[in-house]
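Turn these sequences into a full structure, and let the hints steer you where they fit.
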Amino acid sequence: MARETALVRSLVELADTLVSDFDVIELLTGLANRCVSLLGVSAAGVMLASPDNDLRLAASSSEAMRVLELFELQAQEGPCLDAFRTGEPVEHQNLQAGVGPWPRFASGALEAGFRSAFALPLRLRDRTVGALNLFNAGQTPMTDEDLVVARAFADLAAISVVQHWSTIENQLLNEQLMRALDSRVLIEQAKGVIFERAGIGMAEAFDRLRSYARSHNLRLTKVAQDAIDGSLDPAAWGP
Amino acid sequence: MAGDEARGSVCNTNAVSAAIEELQYVLGEGPCVDAYQQDRAVLEPDLADPRTPRWLAFTPKALEAGARAVFGFPLRVGAVRLGALNVYQDRSGPLSDEQHADALVMAEVVAHWLLDVQAEARPGALAEELELGAEFYFVVQNAAGVVSVQLGVTVTEAMIALRAHAFSTDRPLRDVARDVVERKLRFG
Numbered sequence: 001m002a003r004e005t006a007l008v009r010s011l012v013e014l015a016d017t018l019v020s021d022f023d024v025i026e027l028l029t030g031l032a033n034r035c036v037s038l039l040g041v042s043a044a045g046v047m048l049a050s051p052d053n054d055l056r057l058a059a060s061s062s063e064a065m066r067v068l069e070l071f072e073l074q075a076q077e078g079p080c081l082d083a084f085r086t087g088e089p090v091e092h093q094n095l096q097a098g099v100g101p102w103p104r105f106a107s108g109a110l111e112a113g114f115r116s117a118f119a120l121p122l123r124l125r126d127r128t129v130g131a132l133n134l135f136n137a138g139q140t141p142m143t144d145e146d147l148v149v150a151r152a153f154a155d156l157a158a159i160s161v162v163q164h165w166s167t168i169e170n171q172l173l174n175e176q177l178m179r180a181l182d183s184r185v186l187i188e189q190a191k192g193v194i195f196e197r198a199g200i201g202m203a204e205a206f207d208r209l210r211s212y213a214r215s216h217n218l219r220l221t222k223v224a225q226d227a228i229d230g231s232l233d234p235a236a237w238g239p
Numbered sequence: 001m002a003g004d005e006a007r008g009s010v011c012n013t014n015a016v017s018a019a020i021e022e023l024q025y026v027l028g029e030g031p032c033v034d035a036y037q038q039d040r041a042v043l044e045p046d047l048a049d050p051r052t053p054r055w056l057a058f059t060p061k062a063l064e065a066g067a068r069a070v071f072g073f074p075l076r077v078g079a080v081r082l083g084a085l086n087v088y089q090d091r092s093g094p095l096s097d098e099q100h101a102d103a104l105v106m107a108e109v110v111a112h113w114l115l116d117v118q119a120e121a122r123p124g125a126l127a128e129e130l131e132l133g134a135e136f137y138f139v140v141q142n143a144a145g146v147v148s149v150q151l152g153v154t155v156t157e158a159m160i161a162l163r164a165h166a167f168s169t170d171r172p173l174r175d176v177a178r179d180v181v182e183r184k185l186r187f188g
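Residue numbers (the numbering used here), protein chains in the order written: chain A, 1 to 239; chain B, 1 to 188.
Errors might be hidden in some of the hints.
Sample of chain A residues lacking proximity to chain B, with all beta carbon distances greater than 10 Å (derived) [as the list claims (entries may be wrong)]:
#1 R3
#2 L7
#3 E13
#4 V36
#5 S42
#6 P51
#7 H92
#8 P101
#9 G138
#10 I187
#11 G192
#12 E196
#13 A235
Examples of chain A residues toward chain B, derived with CB under 7 Å [claimed, not checked]:
#14 D52
#15 N53
#16 L68
#17 E72
#18 L73
#19 Q76
#20 L124
#21 D126
#22 Q171
#23 N174
#24 M178
#25 L186
#26 K191
#27 V193
#28 R197
#29 Y212
Treat the hints as calculated values from the structure; they're not laboratory data.
Using N, Cα and C, we set each Cβ at its ideal position, and we do this for glycine too.
What follows is the structure, encoded as structure tokens:
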């Protein structure tokens with residue numbers, strides 16, 4: 001499929017999801033995956049802000065522990081945190097271990113196999129609610145065209161957090177951000193349950209959780225809750 | 001308010017808030033009960049003239065006790081549900097954006113504090129964990145899921161068991177969690 005076609009299809013699918021009753025984490029995970037396939041980057045992640053402006057990971061294109069921890073590190077330093085704090089994009093930056101504006105982050109990124117990074121703020125009117133982070137194994141900056149696409153994905157990610165259009169007011173937005181972040185915590189707990197029940201790795205546990213939700217047309221958060229409660233047949237997690 | 005069965009107040013700041021907690025405990029209705037059961041923030045900025053009439057037994061008594069606006073925030077960490085945080089005002093009106101944000105953050109801090117209290121943590125250890133924000137590392141949440149299966153308990157109990165282990169062996173919670181997900185440490 002031509003890239004343009006794939007891009008249009010992705011945007012239409014995401015927009016369709018936004019008008020239905022959707023699971024934020026599932027949508028953001030799909031969005032991160034599309035960033036990887038359409039922008040040719042190696043990994044992508046969406047971080048959201050808690051009301052006290054702590055940046056936490058909501059979704060990632062990779063469930064590898066190293067990658068998840070690279071996002072967690074950005075609560076302290078990294079392109080996501082800078083994009084979130086300034087409300088401005090953090091342009092393509094080649095990474096060198098232990099040097100540059102984010103020495104710890106750069107070292108972690110290189111260990112995970114990434115040699116450059118880029119971040120965009122997630123903006124909703126006058127508020128920044130998080131950041132979209134893109135990683136690359138190579139060091140070639142994205143084209144201007146790709147940047148426009150990345151911006152569109154960042155805007156969709158920001159919009160997805162607001163589920164009630166009538167009132168984009170701060171209190172509701174804060175509650176929804178907290179709920180989205182808590183859904184992610186719930187999913188992490190469910191990954192642990194499936195990891196142990198099925199005797200598989202954490203990343204695979206996430207894949208099984210997600211494919212179960214998709215094939216049964218259920219919300220990811222609901223399946224995670226059921227996995228934890230034990231109300232889903234443990235055989236569901238078999239290969 | 002903490003826990004499903006043993007609902008009761010763990011901490012309150014003055015006589016009015018104590019009365020409000022007590023009323024909800026006795027009557028089984030009110031903002032905290034709703035926040036806990038519906039798992040969302042429940043805001044009533046004007047008890048005397050509510051937008052949605054509710055809490056028929058609770059409301060007149062809460063007004064009598066001196067509350068004019070009441071707010072409940074769920075205490076949760078994923079599947080861990082610990083109760084609700086109660087906030088009241090002696091005048092009607094909504095919380096400011098800042099107060100509301102503070103209450104959301106406070107609810108999170110209280111939830112972790114309650115887990116630590118149940119794990120019988122030393123007071124010093126608690127401060128250290130909060131400072132480092134260990135609670136938010138995914139590996140800790142993963143490990144809680146793993147341990148819940150190993151011990152055949154709820155994720156809440158698993159979280160407490162993990163913390164109790166960390167405190168009793170004097171190791172950071174995150175290190176203990178990492179051992180669990182690397183299958184180096186088993187519970188049960």
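To see whether the hints hold, each was checked on the structure:
A cut-off of 10 Å between C-beta atoms confirms that A:R3 is not in contact with chain B; the least separation is 33 Å. With a minimum CB-CB distance of about 31 Å to chain B, A:L7 clears the 10 Å threshold, and the non-interface call stands. For A:E13, the shortest C-beta to C-beta distance to chain B comes to about 27 Å, beyond the 10 Å cut-off, and the non-interface label holds. For A:V36, the condition that its CB be more than 10 Å from all CB atoms of chain B holds, with the nearest at approximately 20 Å.
At roughly 20 Å from the closest C-beta of chain B, the C-beta of A:S42 stays outside 10 Å, upholding its exclusion from the interface. Distance to chain B contradicts A:P51 as a non-interface residue, since its nearest Cβ pair spans about 4 Å, not more than 10 Å. No Cβ of chain B approaches the Cβ of A:H92 within 10 Å, the least distance being about 27 Å, so the stated non-interface status holds. Distance to chain B confirms A:P101 as a non-interface residue, since its nearest Cβ pair spans about 22 Å, more than 10 Å.
Against chain B, the non-interface label of A:G138 holds: every CB pair exceeds 10 Å, the least being about 27 Å. Separation of A:I187 from chain B is inadequate, the least Cβ-Cβ distance of about 8 Å not exceeding the 10 Å criterion. With a minimum CB-CB distance of about 2 Å to chain B, A:G192 fails to clear the 10 Å threshold, and the non-interface call is violated. The claim that A:E196 lies off the interface is violated: its Cβ sits roughly 4 Å from the closest Cβ of chain B, which falls inside the 10 Å cut-off.
Distance check for A:A235 against chain B: the nearest CB is about 15 Å away, which clears 10 Å, and the non-interface claim stands. A distance limit of 7 Å between C-beta atoms decides the matter here; for A:D52 the minimum to chain B is near 5 Å, and the interface restraint holds. For A:N53, the interface hint is violated, the least distance from its beta-carbon to any beta-carbon of chain B being 9 Å, above 7 Å. Hint status for A:L68: holds, given a least beta-carbon distance of 5 Å to chain B, under 7 Å.
Given hint, A:E72 at the interface with chain B, holds; its Cβ is 6 Å from that chain's nearest Cβ, closer than 7 Å. Look at A:L73: its Cβ only gets to about 10 Å from chain B, farther than 7 Å, so that hint breaks. For the restraint placing A:Q76 at the interface with chain B, the shortest Cβ-Cβ distance is roughly 9 Å, beyond the 7 Å limit, so the hint is violated. Hint on A:L124 is violated. Least Cβ distance to chain B is approximately 14 Å, over the 7 Å limit.
With its C-beta approaching chain B no nearer than about 13 Å, A:D126 sits outside the 7 Å limit, and its interface hint is violated. Taken as an interface hint, A:Q171 checks out: its beta carbon lies about 5 Å from the nearest beta carbon of chain B, inside 7 Å. A cut of 7 Å between beta carbons decides the hint on A:N174: the least distance to chain B is about 6 Å, and the hint holds. Restraint check, A:M178 versus chain B: the minimum CB separation of about 5 Å is within 7 Å; hint holds.
This hint holds: A:L186 has a C-beta 4 Å from the nearest C-beta of chain B, less than the 7 Å allowed. For A:K191, the suggested interface contact is upheld, since its CB lies about 6 Å from the closest CB of chain B, less than 7 Å. Checking A:V193 against chain B by beta carbon gives a least distance of about 4 Å; that is within 7 Å, so the hint holds. Satisfaction of the interface hint for A:R197 is found here, the shortest Cβ-Cβ separation to chain B being roughly 6 Å, below the 7 Å cut-off.
Contact between A:Y212 and chain B, as hinted, is not supported at the beta carbon level, the nearest pair being about 15 Å apart and thus beyond 7 Å.
Going down the numbered hints, you'll see the structure goes against 6, 10, 11, 12, 15, 18, 19, 20, 21, 29, while the others check out.
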